[in-house]
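There are 2 protein chains.
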Amino acid sequence: MSNSLKRLLIGRPLHNEEMVREKLPKWKAMSIFSSDPLSSIGYGPEQIVLILTVPWAIAYGYAWMVAVAIIALLGIVTLSYTQVAQANPGGGGSYSVAKKNLGETAALTAAAALFVDYILTVAVSISSGTDAIVSAFPVLSDYRMSLNLFVLFGILMLINLRGVRESSNAFVFPTYAFIFGILALVASGFYHISSSNSVIIPQTSLERQPLDWTLLYLVLRAFASGCSSMTGVEAISNGVPMFKPPEVRNAQLTTYWMSSILVVMFSGITLLILHNHLVPVKNVTMLSQLAEATFGRSSMYYFIQFATMLVLYLAANTAYNGLPPLLSLLARDRYMPRYLSARGDRLTFHNGIILLSIIAAVFITIFHGNTEHLISLYALGVFLSFTIAQAGMVVHWRREKKTGWVPRAFLNGLGAVVTGIVVVIIMVAKFLYGAWLILLVIPLLIYMFKRINRHYEDIRAQLALPPDQITSSAEGSNIVIVPVAGVTRVVASTLNYAKKISERIVAVFVATDEESARKVKEKWQSWNPGVRLIVLYSPHRAVTAPLFRFIEKVERKKGPDDYITILIPEFETKEWWHRLLHNQTGFLLRTLLVFRKNVVVTVVPYRLEK
Amino acid sequence: MSNSLKRLLIGRPLHNEEMVREKLPKWKAMSIFSSDPLSSIGYGPEQIVLILTVPWAIAYGYAWMVAVAIIALLGIVTLSYTQVAQANPGGGGSYSVAKKNLGETAALTAAAALFVDYILTVAVSISSGTDAIVSAFPVLSDYRMSLNLFVLFGILMLINLRGVRESSNAFVFPTYAFIFGILALVASGFYHISSSNSVIIPQTSLERQPLDWTLLYLVLRAFASGCSSMTGVEAISNGVPMFKPPEVRNAQLTTYWMSSILVVMFSGITLLILHNHLVPVKNVTMLSQLAEATFGRSSMYYFIQFATMLVLYLAANTAYNGLPPLLSLLARDRYMPRYLSARGDRLTFHNGIILLSIIAAVFITIFHGNTEHLISLYALGVFLSFTIAQAGMVVHWRREKKTGWVPRAFLNGLGAVVTGIVVVIIMVAKFLYGAWLILLVIPLLIYMFKRINRHYEDIRAQLALPPDQITSSAEGSNIVIVPVAGVTRVVASTLNYAKKISERIVAVFVATDEESARKVKEKWQSWNPGVRLIVLYSPHRAVTAPLFRFIEKVERKKGPDDYITILIPEFETKEWWHRLLHNQTGFLLRTLLVFRKNVVVTVVPYRLEK
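Heads up: the sequence lines are chains A and B, in that order. Residue numbers for the first sequence follow this note's numbering, beginning at 9 and rising by one. Residue numbers for the second sequence follow this note's numbering, beginning at 9 and rising by one.
The set of hints was computed from the structure by calculation and includes no laboratory data. Treat the hints loosely; a few may be bogus.
As the list claims (entries may be wrong) - To list a few chain B residues with every Cβ distance to chain A over 12 Å, as calculated:
id, residue
1, Ile79
2, Phe158
3, Ala350
Unchecked claim - A few chain B residues that face chain A, going by a derived Cβ cut-off under 7 Å, partial list only:
id, residue
4, Pro21
5, His381
6, Asn461
7, Leu471
8, Leu473
9, Asn486
10, Val495
11, Tyr505
12, Lys508
13, Ile509
14, Pro547
15, His586
16, Val608
17, Thr610
18, Val612
Where a beta carbon is used, it is the ideal one built from N, C-alpha and C, also for glycine.
Isolated chain A, as found in the complex:
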């Protein structure tokens, strides 16, 4: 039954040959890879303004400067990553680049940083997708958490367990709907401004307090939060093999397109927020305020809110395209449990998908789906992995030394330095707001990766067959000990099996009083099964301890190549509650004896009919 439920939810098992390396046209690849950065328009500009409008220091006027800085940073990161795509046409992100060029620790640092950030991508995107729809329908605000968890487990996890082919088709619409909606909003907003004869940015939006240290800290925090808009820019360069040929060229073009659209949308929305002097309102996002100010509560307003919600949920899906393959790479390199690298029924990395869903759910639950708090943890990991990847690229160009490598190395070097500075800014500006947690988690993850790796190496060394391994010693025999609780059919059946596997068999009965000892001896003699019975008298009424001592005695007397097999007669009851009515000595013995060399514990089951 659980099996047919599984089939209903995720579909029939797929044959190995059904794995197709789908080749995506640019317009489709764009919708899959760019939902993450583009959707950050849903919260990025808002986060900047949010921090700059804290009551005790109106620093609203610095917002445009922060925005400009972010756009410049985006330019540098975009150019750097088109070079990553070129140098790694086989795909694989910061982890692969770092492993190839910088060594294990850098690679694991990138992996840990990405691990944290993919999970936060899911948490942040789902939370703010729900914010978008709650803004349109305030009545939903009580169901925020249920909605978040339903989207996470009921939609994203299931779709991804079914497999990536379905997901790519279902997800083309929201991205373009969102781009259309936001561009319409920006165009319409600017048209209003130009037709109403007001200046595009009114003077009041540009007024600003003189910059002191407190204010600088605030501006840096706004910048750090705004950087969350840039997460996901690297996704295209990780997925080069999924493009139609010429893969690298197409991937680069798509990156340029994506960044251009992002710049237009980001600057347009930020300008309009400043122009309209929006301030934070509880349960209503600024994008919703802006759409309402521009279109009223028209169908266009609802279209924008729905599209925002969908594209944000889709952005969460990006992490599902990113983390499970990364985990499978880590698992193949033995830094994570091996089963994360196995493809399931549907050819997906199902264990990684489930792991990601569970950890994201933990984050959403702890932070009660509060986007602002989650964003405080966000972006640090991404920029750390940016820095590592760019640094790796510098090493790469230097080593290859192909023609024209110097400007390339310089561009990636610039990228590394700039993103490195951003990492420091984010660390300082957000330290108290949550970055400390990430700075704690990343080293712990690296430690975990290394411990797991060491364990697998230990196992490999211990399990490897030396070339001169003698396949088996002809010496030695098998001594069978059958603990019995009386003279029953179960015992008869067990002795029958015992005779098949050995000629040295002994039955053992532990008597807790003399009466029962006498009785069983008599019964055994009259039955006479051809096997010797040893009765152990246990005046303290313990059963396992005397048996255990007996086994140890046999162990001491046996030859070095002899095995001891403990055959436990056990009947399997028909109803689960029947188990409560019987002793579980077999289970106990197995647990106690599992660590002894050359001792094998076997339960010989006897099936009861009723």
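Using the hints, position chain B against chain A.
Using the frame of chain A, we list chain B on its own:
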């Protein structure tokens, strides 16, 4: 480590020969057996007055009539039970009497009724013991529940797991202290009254409304609650063998003594409550009010509260002397799981003791230690078992027909009729207040007893060896299937064992892709362990399903006397978390294959050193 903790808490294991059937002198037996009925002075009179002082109908004046009825009832029950002691010198209460004289269903009804009431004895006594100490120290009222559960698990359960010998000595003091305290309270109260020239019962206490149906119902409820004072009267007749010879005579004398003391204490306290016109006060018991009115907050007051607390906790202990042996009788008759009849390390019925503690804890927790609510459930079971026992005695006397049997049978008959009427009164008066629950639980318990019995009978029939049982067939061999995951030392060690137990061995490898199939085949050939390897290709990447189908194929081809042994190579990791890094295919296979006839699953453990 868990073992030394156990030793520290309950002591060293005891040898069978250390079981002494202790013979108790009357004064000591009294302290053990009578704490239950005597301690009910702590709540019994209060419960009567509590019900008769509900705001909308002051029926205070009926209290003394209720008290007189209870005293009369006590007289009848006492006399009836001295006869039970005489007829059953071997001990054993209502269950044994009913089984011998009335048959299975009556016996199980008595057992179910006692089961419920022993548990309620623990819950009620602990709760009102805590009430007594909370009355003296109101600051403890917030810790009521913690106190209840600590007394239950930390004191009663542990002491009883250690064994009854220790308990009997520790528990002599509280009973006599309590008797002394209450008698002093009564004497002092009466001295006050006589010296202050007031009439013993002032007229106002005797005024009463005319009796209508509502009031009658109230009076009956008061009577039903007051009957809780009588629980435990039967304890002595269950424990006749524990008395010094002449056992029966001594048990009877002790019963008379106990009842006399109970009558004096019960009537004295009830009269004083009426005389002082006490009404219920939150968090203060009436006994505490009375002691305070009589002695002030003197050391005598605190002595009485402490003694009351101790004797009530001791009364809870009575259930530990009663229920585990009853459960062991039921288990020996196969109405309860067999292990309830086994004596543990310390010669106690440890499983019954733990079971009683857990169920009592559930009741205390559900009712938040509210004595009044718990008492609503109480007494019904006891009187039901009284009735059954007395009815059984009538049958007993009729059958024996010894000289003078007619008056004896008449006395027990009277007891049966009177307690039967009380059962009906309790049922009606308390139905809505909780008796419905007990009326539901008792039949359910009886059903459970019978189901368990049927299961054991089924098992016995299925396990019994027919006299002509052929001990074992010489025919048939053992086919060994070794599922392997590669070529490792674990596999080598498993094959080594396989060769000890059979000559028909086959290794099976499930390949999820063609690459790994080829690799393993090559490795196997170059290793050449002398066992054939079959590679199953599983294009859907499932591992257990193809293996399972293979086993089924072998099963169809094997002879009827052949066994199939699945040997699973498994390495045992050293740290618990290492397990998370490996598949648990062995466990899965064992679970799936346990029900197949002549298929045995064996895990051959290989121990890792690090």
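Hint check results:
1. Ile79: Holds, because the least Cβ-Cβ distance between Ile79/B and chain A comes to about 45 Å, which exceeds 12 Å.
2. Phe158: holds (28 Å)
3. Ala350: violated (7 Å)
4. Pro21: holds (4 Å)
5. His381: violated (30 Å)
6. Asn461: violated (10 Å)
7. Leu471: At 4 Å from the nearest chain A Cβ, Leu471/B passes the 7 Å test, so the hint holds.
8. Leu473: holds (6 Å)
9. Asn486: holds (4 Å)
10. Val495: holds (6 Å)
11. Tyr505: holds (6 Å)
12. Lys508: holds (4 Å)
13. Ile509: holds (4 Å)
14. Pro547: holds (5 Å)
15. His586: holds (6 Å)
16. Val608: holds (6 Å)
17. Thr610: holds (4 Å)
18. Val612: holds (6 Å)
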